[in-house]
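Hey, can you work out the whole structure from these sequences and the hints?
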Amino acid sequence: MLQIECPWCGARDQEEFQYGGEAHIVRPENPDSLTDAHWADYLFNRTNVKGVHAEQWCHAAGCRRWFNVLRDTMSYKILAAYRPGEQPPGSEE
Amino acid sequence: MRKDRYSIFSLARNAVSYHQDWSEAWRSPEPAPSYDVIVVGGGGHGLATAYYLAAEHNVGRIAVLEKGWIGGGNTGRNTTIVRSNYLWDEAAHLYEKSLKIWEGLSQELNFNVMFSQRGVMNLGHTLQDMRDIYRRSNANRLNGIDSEILTPAEIKAKVPAMNVSSEARYPVLGASFQPRGGVARHDAVAWGFARAADARGVDIIQNCEVTGIRREKGAVCGVETSRGYISAKKVAVVVAGHASVLADMAELRLPVESHPLQALVSEPLKPVLDTVIMSNAVHGYVSQSDKGELVIGAGIDAYTGYGQRGSFSIIEGNVAAIVELFPIFSRVRMLRQWGGIVDVCPDACPIISKTPVSGLYFNCGWGTGGFKATPGSGWVFAHTVARDEPHELNAAFDLDRFTTGALIDEHGAAGVAH
Ligand SMILES: Cc1cc2nc3c(=O)[nH]c(=O)nc-3n(C[C@H](O)[C@H](O)[C@H](O)COP(=O)(O)OP(=O)(O)OC[C@H]3O[C@@H](n4cnc5c(N)ncnc54)[C@H](O)[C@@H]3O)c2cc1C
Ligand SMILES: [Zn+2]
Numbered sequence: 001m002l003q004i005e006c007p008w009c010g011a012r013d014q015e016e017f018q019y020g021g022e023a024h025i026v027r028p029e030n031p032d033s034l035t036d037a038h039w040a041d042y043l044f045n046r047t048n049v050k051g052v053h054a055e056q057w058c059h060a061a062g063c064r065r066w067f068n069v070l071r072d073t074m075s076y077k078i079l080a081a082y083r084p085g086e087q088p089p090g091s092e093e
Numbered sequence: 001m002r003k004d005r006y007s008i009f010s011l012a013r014n015a016v017s018y019h020q021d022w023s024e025a026w027r028s029p030e031p032a033p034s035y036d037v038i039v040v041g042g043g044g045h046g047l048a049t050a051y052y053l054a055a056e057h058n059v060g061r062i063a064v065l066e067k068g069w070i071g072g073g074n075t076g077r078n079t080t081i082v083r084s085n086y087l088w089d090e091a092a093h094l095y096e097k098s099l100k101i102w103e104g105l106s107q108e109l110n111f112n113v114m115f116s117q118r119g120v121m122n123l124g125h126t127l128q129d130m131r132d133i134y135r136r137s138n139a140n141r142l143n144g145i146d147s148e149i150l151t152p153a154e155i156k157a158k159v160p161a162m163n164v165s166s167e168a169r170y171p172v173l174g175a176s177f178q179p180r181g182g183v184a185r186h187d188a189v190a191w192g193f194a195r196a197a198d199a200r201g202v203d204i205i206q207n208c209e210v211t212g213i214r215r216e217k218g219a220v221c222g223v224e225t226s227r228g229y230i231s232a233k234k235v236a237v238v239v240a241g242h243a244s245v246l247a248d249m250a251e252l253r254l255p256v257e258s259h260p261l262q263a264l265v266s267e268p269l270k271p272v273l274d275t276v277i278m279s280n281a282v283h284g285y286v287s288q289s290d291k292g293e294l295v296i297g298a299g300i301d302a303y304t305g306y307g308q309r310g311s312f313s314i315i316e317g318n319v320a321a322i323v324e325l326f327p328i329f330s331r332v333r334m335l336r337q338w339g340g341i342v343d344v345c346p347d348a349c350p351i352i353s354k355t356p357v358s359g360l361y362f363n364c365g366w367g368t369g370g371f372k373a374t375p376g377s378g379w380v381f382a383h384t385v386a387r388d389e390p391h392e393l394n395a396a397f398d399l400d401r402f403t404t405g406a407l408i409d410e411h412g413a414a415g416v417a418h
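Chains H and R, in that order, are what the protein sequence lines are.
The first sequence finishes on residue 93 if you use the numbering used here, and the numbering steps up by one all the way, no holes.
The second sequence finishes on residue 418 if you use the numbering used here, and the numbering steps up by one all the way, no holes.
Worth flagging that the hints you see were computed from the coordinates, not collected in a lab.
Backbone N, C-alpha and C define an ideal beta-carbon position, used for all residues, glycine too.
Please note that the accuracy of each hint is not assured.
[Stated by the list, open to error] Heads up, incomplete: computed chain R residues facing chain H, CB under 10 Å, no partners named:
#, residue
1, Leu254
2, Glu257
3, Tyr303
Listed below in structure tokens is the structure:
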């Protein structure tokens, strides 16, 4: 059972949250010029990493806001939570 | 290499020596420096692939590399439901091929896989459920797959323990029933394929983890393993929840996400349930093993994970639904609970395919429902690897479908489905 830190409300039980899949997938800027292979990659392919995963959660039964989480997909340990638009903690930018 | 045949006579003969002298079911050879085909992953699908490669295709030396022990992945963790009542033609044909192989598998492998055709019942709880059930059942019949529709009274006659009253929280409005569906003994499937493959010269190498896929000029040439480098002309990857990890070793990206899926078994009971009950709407399915345990499966956790365990809330919701359906089970004690890592595709259908790397093949994406497909999956994958082109049964399950858009949307059709 996870305890997730909402950046606005603080630590809450996993049951209050909805999972939103991999984070930081950016919609292509020029959809018209994309090849089918690029579309497939954007729509369907996922890193599905075994290790630290950047992912989206929504505090559905709370403030209803989306945010990002870094979670270890082996231990399920949550390493950080940060607001949309922010870079993951520890990244270069 | 020829094994003793298992039979009533060998059983009697070995009884005399108190079962101390049975020959080993498969060898445990050291890995050779090179093979013609390496199968990565010693689950049921990988072992079946190796068996059919050896039995039906002339491909030379074959090895199965398993990082742990054979059958220790999803093969040994699933609830063993076997059926072929899928909606879309492509899926129906593939799973029906598999079901046909199941029907003769114990004889073919000379290993009792305890395939029990006790029927599989899919319940409908809402009007829309029933419309979907009629549609799927009709589609099944058009494809020559057995399917019946049962009324609540007929369900009650078959399964007296179920609460079908209109007062129930999840009223049962009807069901589809596939009489040829059922369950099989999961371990026996891995062991049976392993023994039969070994008898045909396949090297089964356990405790051998693949850590890299070596390529030269766009073609595969071998694998790095925890027991050293092994070269190979072809590499066939069948690692279920670890598909993305292996794909990454060849710089490929897959439309797959790995999720925890849980199951649990009860203490053994007297016979109370002689068929398989599935309910997509309440995300629960239950059967009774030959030992008497209730075998109960839950749904996946929404988050991705490789930890072979899931959230308690999933089990809680699952057990609550089962107890609503079977109030008689409310005081049964559960003995064990566990999780596996299932590889889910966006359209809930597998990928059985060549890849952009020549000589590298992937079989994955079976998600929550690949046990039933074990023999059929191995059979079509062996064909794909040996001939370097798909069999007509798996041509639609190419990796390419995510680029062309020709998805096979069993997710929308089947809801949860195992
Ligand atoms: C709880 C649960 C219930 C289920 N219920 C059903 C059901 O009722 N009916 C049904 O049809 N399906 C069911 N399934 C799904 C089914 O179990 C799987 O689809 C199927 O067993 C997959 O078989 P496999 O041989 O591909 O995978 P596995 O048995 O998981 O085999 C893959 C193997 O690859 C090995 N491996 C991974 N990485 C490496 C590496 N780097 N090097 C070497 N080896 C590696 C693993 O150790 C593993 O043994 C269920 C699954 C779960 C978890
Ligand atoms: Zn919040």
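Status of each hint after checking the structure:
1. The closest approach between the C-beta of Leu254/R and any C-beta of chain H is roughly 6 Å, which is under the 10 Å cut-off, so the hint is satisfied.
2. The beta carbon of Glu257/R comes within 5 Å of a beta carbon in chain H, closer than 10 Å, and the hint placing it at the interface holds.
3. A least Cβ separation of about 5 Å between Tyr303/R and chain H falls short of the 10 Å threshold, and the interface hint therefore holds.
In the structure shown, no violation is registered for any of the earlier numbered hints.
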